[in-house]
Structure formats: structure tokens, C-alpha cells
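Number of protein chains: 2
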Amino acid sequence: MSNSASFDAKTTDVPALVLIVDDDIAVRKSLQRLLSSAGYEVELFASAGAFLQRLPAVHAGRPRCIVLDMVMPELDGLQLQDQLAAQAHYPPIIFLTGQGSIPATVQAMQQGAIDFLEKPVDETDLLPAIERALSQDRQHYRHWQEIENLRRQFSSLSERELEVVRYVIAGQRNKQVAYQLGISEKTVKVHRARAVEKLGVKSLAELVQLAAKAGISPLG
Amino acid sequence: MSNSASFDAKTTDVPALVLIVDDDIAVRKSLQRLLSSAGYEVELFASAGAFLQRLPAVHAGRPRCIVLDMVMPELDGLQLQDQLAAQAHYPPIIFLTGQGSIPATVQAMQQGAIDFLEKPVDETDLLPAIERALSQDRQHYRHWQEIENLRRQFSSLSERELEVVRYVIAGQRNKQVAYQLGISEKTVKVHRARAVEKLGVKSLAELVQLAAKAGISPLG
DNA sequence: AGCGCTATTGGACTAAGGTCCAATACTGTT
DNA sequence: AACAGTATTGGACCTTAGTCCAATAGCGCT
Numbered sequence: 000m001s002n003s004a005s006f007d008a009k010t011t012d013v014p015a016l017v018l019i020v021d022d023d024i025a026v027r028k029s030l031q032r033l034l035s036s037a038g039y040e041v042e043l044f045a046s047a048g049a050f051l052q053r054l055p056a057v058h059a060g061r062p063r064c065i066v067l068d069m070v071m072p073e074l075d076g077l078q079l080q081d082q083l084a085a086q087a088h089y090p091p092i093i094f095l096t097g098q099g100s101i102p103a104t105v106q107a108m109q110q111g112a113i114d115f116l117e118k119p120v121d122e123t124d125l126l127p128a129i130e131r132a133l134s135q136d137r138q139h140y141r142h143w144q145e146i147e148n149l150r151r152q153f154s155s156l157s158e159r160e161l162e163v164v165r166y167v168i169a170g171q172r173n174k175q176v177a178y179q180l181g182i183s184e185k186t187v188k189v190h191r192a193r194a195v196e197k198l199g200v201k202s203l204a205e206l207v208q209l210a211a212k213a214g215i216s217p218l219g
Numbered sequence: 000m001s002n003s004a005s006f007d008a009k010t011t012d013v014p015a016l017v018l019i020v021d022d023d024i025a026v027r028k029s030l031q032r033l034l035s036s037a038g039y040e041v042e043l044f045a046s047a048g049a050f051l052q053r054l055p056a057v058h059a060g061r062p063r064c065i066v067l068d069m070v071m072p073e074l075d076g077l078q079l080q081d082q083l084a085a086q087a088h089y090p091p092i093i094f095l096t097g098q099g100s101i102p103a104t105v106q107a108m109q110q111g112a113i114d115f116l117e118k119p120v121d122e123t124d125l126l127p128a129i130e131r132a133l134s135q136d137r138q139h140y141r142h143w144q145e146i147e148n149l150r151r152q153f154s155s156l157s158e159r160e161l162e163v164v165r166y167v168i169a170g171q172r173n174k175q176v177a178y179q180l181g182i183s184e185k186t187v188k189v190h191r192a193r194a195v196e197k198l199g200v201k202s203l204a205e206l207v208q209l210a211a212k213a214g215i216s217p218l219g
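From first to last, the protein sequence lines stand for chains A and B. First residue of the first sequence? That's 0 in numbering that gives the first Met the number 0, and the numbers climb one at a time after it. First residue of the second sequence? That's 0 in numbering that gives the first Met the number 0, and the numbers climb one at a time after it.
One should not assume that every hint holds.
One copy or two, either will do: identical chains are not told apart, so a pair holds if it fits within one copy or between any two.
[Claimed, not checked] Here are the simulated lysine-lysine pairs, DSS-like style, with alpha carbons at most 27 Å apart:
{"#": "1", "residue 1": "185", "residue 2": "174"}
{"#": "2", "residue 1": "201", "residue 2": "212"}
{"#": "3", "residue 1": "188", "residue 2": "201"}
{"#": "4", "residue 1": "28", "residue 2": "174"}
{"#": "5", "residue 1": "197", "residue 2": "185"}
{"#": "6", "residue 1": "185", "residue 2": "118"}
{"#": "7", "residue 1": "118", "residue 2": "28"}
{"#": "8", "residue 1": "188", "residue 2": "118"}
{"#": "9", "residue 1": "174", "residue 2": "188"}
{"#": "10", "residue 1": "201", "residue 2": "185"}
{"#": "11", "residue 1": "201", "residue 2": "174"}
Hints were generated in silico from the structure; no laboratory data involved.
All chains, please: the whole structure from these sequences, using the hints.
Dropping the structure here:
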């Protein structure tokens, strides 16, 4: 009836998920042991390709991060990072590397990696890095969720109502809006009142701020 | 002109300024030669302390960046970066290092360095890094300047006027504002009109958006 | 055809905002 | 003491905005 599957995955206490991508099975197993015993849920991937297949199913409603090997056959770590950066919300990345170079480190960090560690990795380095990554993911998710909720509210407006709102938040008078839309001022008032009611705001000031947060651009 | 074809300092207005901090005089001279011939204005500093003394006089109105040696006696590069991070607008930092370690690289990048290069540095690495740094500085400066202009506009309001504005952008009616301030509604109208005139806005919507940009927090 | 949603308009009325006018009082400066 | 700036208030008047009420028309769906 209404819109599609609206998941209100209330981030109660979902266990954090660490996604490990490394072509060396010994490394995977070792990391899994370490991170599992530290209380994280862990998934292992032997290649970037396998990881990319799984990623769409990894729900964003729980804290996640990626522990990513730098050198791998086919897609290497930096290339995978590129792929991820192309999409909207991807988990924070912690790079691991056997013989890391400074240029590679710099590039990874410039592209947004949250940390870059050398193998063999010590847990006193890895665990804090994981926590920072998860913390960032939580924060990003909360922010993204807030925006999404706003978008959902605005999508409950009819086309006309939204149109009116866009003029109103641009500072136009009802009369001007009516003229621009070729309708009567009365109608504008109705749409405006409906919009205000649907969005649950109590003043024009609130409406303007809400629209700004939701990224609704003014018209006129 | 002939040897640095693609990376001349193409600052349309003010010449860009590169601040070089290195305890090795040979490095300083070499960088000065390279960057001067590339069209940048250059200042040299033999220590972090000397640099910090000079910094307050470096005007933010021109594009600037810092080329910073990692290892130095007394304050080293990372410590200087810490010092700088404490203050409001500091120039983007490009690190140089003789024998860099990956942890140091990561730390520098996490703290906001724009690049991290190894000595001896090649100009095909350094010049693009400088341009990125200057570009970022220009952008930050424009943003900072915009905020400052807004703050200046708002500081032209009287205390009372600003107070009224803070209530108004919170969505309060004139009547409510009058009650909260213990003055009459008429007076609120006057202050409000004055504020709107001083700020050069034509509607409440604009006022709200302007105040939000300037970081004016609502009241009530 | 009937139902529900959306868009549209009108009248009458109240509340609020904006704009003219003019006035008093306190402050700090010259 | 005279002056400029700010804060304050009032009245009269007009323009907007918001709120009741009620109504018509198109659209897709059952």
C-alpha cells in the first residue's frame, strides 16, 4: 500500500560486524580468532570479488568495518576502496599490509581509510582501530538515518504541497506562489497548511530549518 | 616557464605563499630554488619555534601552505602540527621526511596532513601536492570569510535586536517574544524590522537561513 | 459505478505581520 | 549642555497568514 519496505531497524544492541578481506587463509583465521574472542561478529572473504558480492546484503543498521589486505591478486585493497567509494554508505576501512610503502599509505589515507597497519598486527593496535572504525560507522549511520527520516517525511507530501513548500522556504508570499503556479492564493494556503501539518512543524522557521536539513532546495 | 609546464603558481589574484620548515639548510635552499622558480613566494624557517613566531603575521587572505620536515630538534613535525591544530585557521601541511615510518605517516594523515612525501622529494610529487594544499587553503579561506561576513552583519545588530532575532528564528510569535522579554509586541516589531533591514533580507525564510549559516542559535 | 486520494476554489473570520506616523528615556560622547 | 545612538512604546492602517466551513473535479483502483 504505502511505500516500499520501510525498515525501522532500531539500532538497539546489534553486535558489531567486522568484515575481513585477505587472500591468505592463515591471516584470515588468525584475525577471526582474535576478533571473535574480542566479542565481534566476523565474516571472512578470500578476495575483493567475494566481498563485493556479499556487501549489498550487509545491513547498514549495525556497526560495521572492513579489515582489508593491501596486496591481493586481481583487485587489490586500494582498488577495492575505489569501488566502495563510488557507492553511498560503505563501512570504514582499516588497511593491513605485509610490506607497506609510504605512498600507498598516503593514498589509502587520502581516500578515507581510517587506519593503516602493518602485519603482523598487534592486537593493541588493531582493537583500538576497530573501535574507532565502528564508532565512525555508527555516527555516519545515525546521520544518514536522520536525513532519511526527513526525506521520508517530505515524501509524504503530495507533489503540489512540496512545490508550494519549495517556494515558501525561498521566502515567497502565498500570493506570489499562487501567481507562479497559476493557482489561487486560497489553494496555496491549503497546500501550505497541509504540508505544515504533515511535517509536524509549528512555524515557518521550523519548516525552513527542516527543509534545509532534508536538502530540499528552494524555488523561485 | 619551460621546465615546469603544468604546475606554475596560477594564482589569479594574490601570489601563493609556501612556508618551509626544515632544520637542514641544504633542504631549505633546494626547496626554495624549486618553488621560487615554479612561481611561489617562499619563506624559510630553520625550526618550529621560528615558524610559530612568524605565523600570526601570515595573512590568511592569500593561499598558503606549509612544507614541514618530520624530524627536527625540539618540536618535531607532528608536534608542530598539534600546536597548529589547536588554533582556528592554519595552512594545510605537506610533510617531508628522510626516513619515514608508516605509523608516523598514518598519524600525520589522521591529524589532517594533506600529503606526506619522502626525501629526496621529486618535483613531480611536490608541485601537485603544493597545488592541492593551496587549493584547499583557498577553499577554507573562502568558507571562513563567508562566515565572518555573516558574523559581521549580525554584529551590527543591537543586543535587543539580536535577542529578538534569536526568538524569531526559533519560531516564536511576536507576541510570545514580547512576553518573554517583558516588552510590548510593538517594540518587538520594531526590533524585528530593524534587524531585517540591517541584514538585508526580504523574508523570514531568508532570515532563518542566514542565521543558521552564521551559527546564530535560536532561543526559547 | 463507487471509493479514496489529490488538486482545486470559495467565503467568512481571526490572528499575525509590516508600515506609516510620532514620542519618551537612558546611555555615552563631544 | 548638546548630541547621537539605542531601547522603548503607542496608534492607525493595510497586508498576510491561518482557520473554520463547504464544494467541485480528475485520477486510479475495486
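Verification of the hints:
1. In this homomeric assembly, residue 185 and residue 174 come within 27 Å of each other (Cα to Cα) both inside a single copy, at 9 Å, and across copies, at 26 Å.
2. Taking CA atoms no more than 27 Å apart as the test, residue 201 paired with residue 212 passes in both settings, with 16 Å inside one copy and 22 Å between copies.
3. Taking the shortest Cα distances, residue 188 and residue 201 sit within 27 Å of each other both inside one copy (15 Å) and across copies (20 Å).
4. Taking the shortest alpha-carbon separations for residue 28 and residue 174, neither the intra-copy value of 69 Å nor the inter-copy value of 68 Å comes in at or below 27 Å.
5. Proximity of residue 197 to residue 185 under the C-alpha cut-off of 27 Å is restricted to the intra-copy arrangement: shortest distance 18 Å within a copy versus 32 Å between copies.
6. In this homomeric assembly, residue 185 and residue 118 never come within 27 Å of each other (Cα to Cα): the closest approach is 70 Å inside a single copy and 72 Å across copies.
7. In this homomeric assembly, residue 118 and residue 28 come within 27 Å of each other (Cα to Cα) only inside a single copy, at 14 Å, whereas the closest approach across copies is 38 Å.
8. With identical chains, the CA atoms of residue 188 and residue 118 are never at most 27 Å apart, being 65 Å at best within one copy and 68 Å at best between copies.
9. Both within a single protomer and between protomers do residue 174 and residue 188 lie at most 27 Å apart by alpha-carbon distance, with minima of 9 Å and 23 Å respectively.
10. Taking CA atoms no more than 27 Å apart as the test, residue 201 paired with residue 185 passes in both settings, with 20 Å inside one copy and 23 Å between copies.
11. With identical chains, the CA atoms of residue 201 and residue 174 are at most 27 Å apart both within one copy (21 Å) and between copies (15 Å).
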